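Enquirer: This is what each chain is made of:
Protein chains: 2
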Amino acid sequence: MLVCSKCGGEYPERFRLRCDCGGTLMVMRETPGSLSDALTEYLDMRRYLGLLPLSSGYPEPVPSITPVSELDVEGTTAIFKLEYLQPSGSFKDRGTWVTVAKLVEEGITEVVLDSSGNAALSLAVFARRAGITAHLFVPAHASPGKLSLLGRLGAVLHFVEGDRMAVHERAVEFAERSGLTYVSHWLNPYFIEGTKTVAFEAYEQSGVPDYVLAPTGSGTLFLGLWKGFSELRSMGEIDRLPKLIAVQASGYESLCGRSSLRSYLAEGIAISEPPRLEEMRRALAETKGSCVSVGDPEIGRALKWLWERGFMVEPTSATVLAALWKLMESDGIERGSKLLLPLTGSGLKTVEGI
Amino acid sequence: MLVCSKCGGEYPERFRLRCDCGGTLMVMRETPGSLSDALTEYLDMRRYLGLLPLSSGYPEPVPSITPVSELDVEGTTAIFKLEYLQPSGSFKDRGTWVTVAKLVEEGITEVVLDSSGNAALSLAVFARRAGITAHLFVPAHASPGKLSLLGRLGAVLHFVEGDRMAVHERAVEFAERSGLTYVSHWLNPYFIEGTKTVAFEAYEQSGVPDYVLAPTGSGTLFLGLWKGFSELRSMGEIDRLPKLIAVQASGYESLCGRSSLRSYLAEGIAISEPPRLEEMRRALAETKGSCVSVGDPEIGRALKWLWERGFMVEPTSATVLAALWKLMESDGIERGSKLLLPLTGSGLKTVEGI
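First to last, the protein sequences are chains A and B. Count the first sequence with UniProt numbering and you get residues 1 to 354, in order. Count the second sequence with UniProt numbering and you get residues 1 to 354, in order.
Since no wrong hints were added, every one of them can be taken at face value.
Below are the DMTMM-like pairs computed for lysine to aspartate or glutamate, each with C-alpha atoms no more than 20 Å apart in a straight line:
id, chain 1, residue 1, chain 2, residue 2
1, A, 304, B, 60
2, B, 146, A, 308
3, A, 338, B, 60
4, B, 6, B, 286
5, B, 338, A, 60
6, A, 243, A, 334
7, B, 304, A, 60
8, A, 146, B, 308
Simulated restraints on C-beta separations:
id, chain 1, residue 1, chain 2, residue 2, range
9, A, 332, B, 157, 31 to 41 Å
10, B, 37, A, 42, 14 to 24 Å
11, A, 273, B, 166, 56 to 66 Å
12, B, 240, A, 179, 53 to 63 Å
13, B, 57, A, 273, 40 to 50 Å
14, B, 297, A, 260, 48 to 58 Å
15, B, 57, A, 22, 49 to 59 Å
16, A, 133, B, 297, 23 to 33 Å
17, B, 42, A, 240, 23 to 33 Å
18, B, 285, A, 42, 27 to 37 Å
19, A, 258, B, 178, 53 to 63 Å
If you're looking for bench data, these hints aren't it; they were derived computationally from the structure. These figures come from a predicted structure and were not determined experimentally. Cβ atoms here follow ideal geometry from the backbone N, Cα and C, with glycine treated the same way.
Kindly generate the complete structure, drawing on both the sequences and the hints.
Expert: Structure follows, in structure tokens:
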């Protein structure tokens with residue numbers, strides 16, 4: 001069932017973005033008695049099919065179980081999870097995969113999304129093979145390399161002059177006018193069902209951490225991690241939730257106080273007004289977590305550090321390490337803590353003139 | 001133990017590239033009684049630690065268990081294995097990972113390699129974190145994007161004017177003069193120990209195929225697949241080897257007859273004189289396999305087909321699909337056959353101006 005996070009309204013599990021009251025929705029299901037009961041034998045994301053709201057079939061390719069890699073960072077045990085190794089190069093594939101499965105289930109064959117970043121790339125990877133035409137609304141000035149990727153994957157591109165907000169408005173207008181489904185991952189409850197599997201995997205690979213640091217813009221990963229660990233607690237696998245640290249980009253904070261200087265590097269989380277803000281606040285309070293804002297100088301240093309250790313990630317992924325350094329300086333995290341840091345996006349897309 | 005494929009000479013399991021007779025070496029060990037006995041609980045390549053010649057420790061990050069994705073191609077069941085989702089963007093990480101583990105075991109801290117492609121990128125990803133300085137000899141005219149990747153990963157670049165052969169000679173000279181270890185993956189027996197795990201995974205994910213189509217230049221993947229399936233047979237998991245199809249690039253054939261027109265697209269297998277040629281010939285004969293050569297027009301068509309199905313691969317990866325189409329036209333493969341096609345390298349590196 002879908003449940004409204006604002007008024008508690010309930011809806012059947014169909015594809016739907018909002019409650020009639022305007023609130024955002026989450027999938028709510030009874031969890032199995034234990035994780036091991038729910039696991040399948042698959043060696044990919046289908047391992048968690050028993051915990052996903054899918055009733056028949058799934059799209060291809062199936063996202064990976066991504067490796068974790070442990071490093072000592074300033075006296076903490078930092079567990080990096082390599083989400084950038086998913087088929088489209090970002091963690092978003094987990095959410096897109098569940099979403100596309102749901103769209104196929106409902107016979108939806110044409111959808112609309114506004115993005116020229118990882119969300120668009122992820123949708124383009126899964127949609128066409130599933131028989132879905134993806135209309136992607138992109139800024140006319142987006143990088144030619146990114147647009148070429150989207151085109152080669154078979155997406156239909158619509159170019160919009162203007163800022164990010166103009167692109168969004170044109171996409172929504174187009175969807176309404178043409179009667180097509182708008183698949184905002186910011187709102188879509190099935191997207192979070194996919195991202196929650198990061199928590200399941202990390203738990204199986206390295207147990208429950210004391211802290212989880214997630215790049216947080218729209219909150220699709222942050223809330224997925226909260227939901228995944230919450231479900232592990234419901235199943236009796238863990239008895240406490242890790243503290244969630246929302247890592248935000250300078251100038252685009254929604255949970256921390258807003259800085260005046262805008263980050264240019266952390267483009268994946270440059271989202272000032274996320275529609276799921278209230279849900280994120282609740283997750284922070286429930287886990288006694290906190291918000292940390294980071295700017296480009298420290299993101300740049302963190303990015304260099306990660307590449308030198310073999311993690312070819314994009315700048316947004318480096319925000320979590322920058323935040324960890326910042327927290328260690330201010331005694332926000334105890335030495336000896338165990339931390340989970342998802343590395344969200346591939347840096348191969350960010351190399352010029354390769 | 002290391003065994004020479006030419007004279008049968010035996011050596012202890014140290015890092016070594018050739019037999020005293022000049023022949024190439026393979027690791028030979030007794031296989032466990034069954035695959036399930038040997039498997040570990042890890043959800044990454046360490047799953048197969050029990051079948052690898054490692055005695056202590058391993059480098060980080062650990063390569064993934066890559067997903068497989070099944071498609072009907074001209075009446076066959078084509079199982080694509082997404083090796084391009086490894087940490088450095090290619091299957092080579094499997095071989096590099098075992099190699100670097102071995103180098104660390106032996107206390108080797110400085111190595112030399114000539115490549116500006118996937119092998120170099122893979123070595124750069126694993127070496128620095130393992131405490132190894134990688135001297136990479138690269139053509140002075142290699143793409144600035146690729147060189148920037150290698151630099152950011154912490155490799156030491158040596159630029160050489162001249163053709164690929166000049167680069168190779170300078171690397172060998174430098175290694176000899178400075179007493180450093182030259183780590184040619186073409187010769188290195190530990191590299192094949194890593195690539196053999198593709199066979200183990202594919203077998204666990206989708207059983208034994210009738211045919212395996214592998215891009216084949218130096219033969220490190222081809223021979224790894226042969227060795228992996230051979231070990232599965234030794235363990236009694238399978239009773240026959242799949243037929244191995246060596247897919248080669250037009251103008252660079254070593255197993256098929258040499259074409260006059262040279263492929264520009266299949267740069268990953270543009271290797272005219274692989275040192276393991278005799279071993280490859282034996283694997284072809286033993287499995288009743290064959291060689292297929294493909295050229296750029298069909299590689300281009302196959303690449304387009306793969307991208308439209310969500311596989312963001314580089315052109316060399318598309319050779320296997322081009323070969324499958326060619327074999328279906330000439331009745332070289334029966335309809336209804338089950339085929340394994342590893343997709344070897346990421347296409348994100350090949351996008352201009354992203």
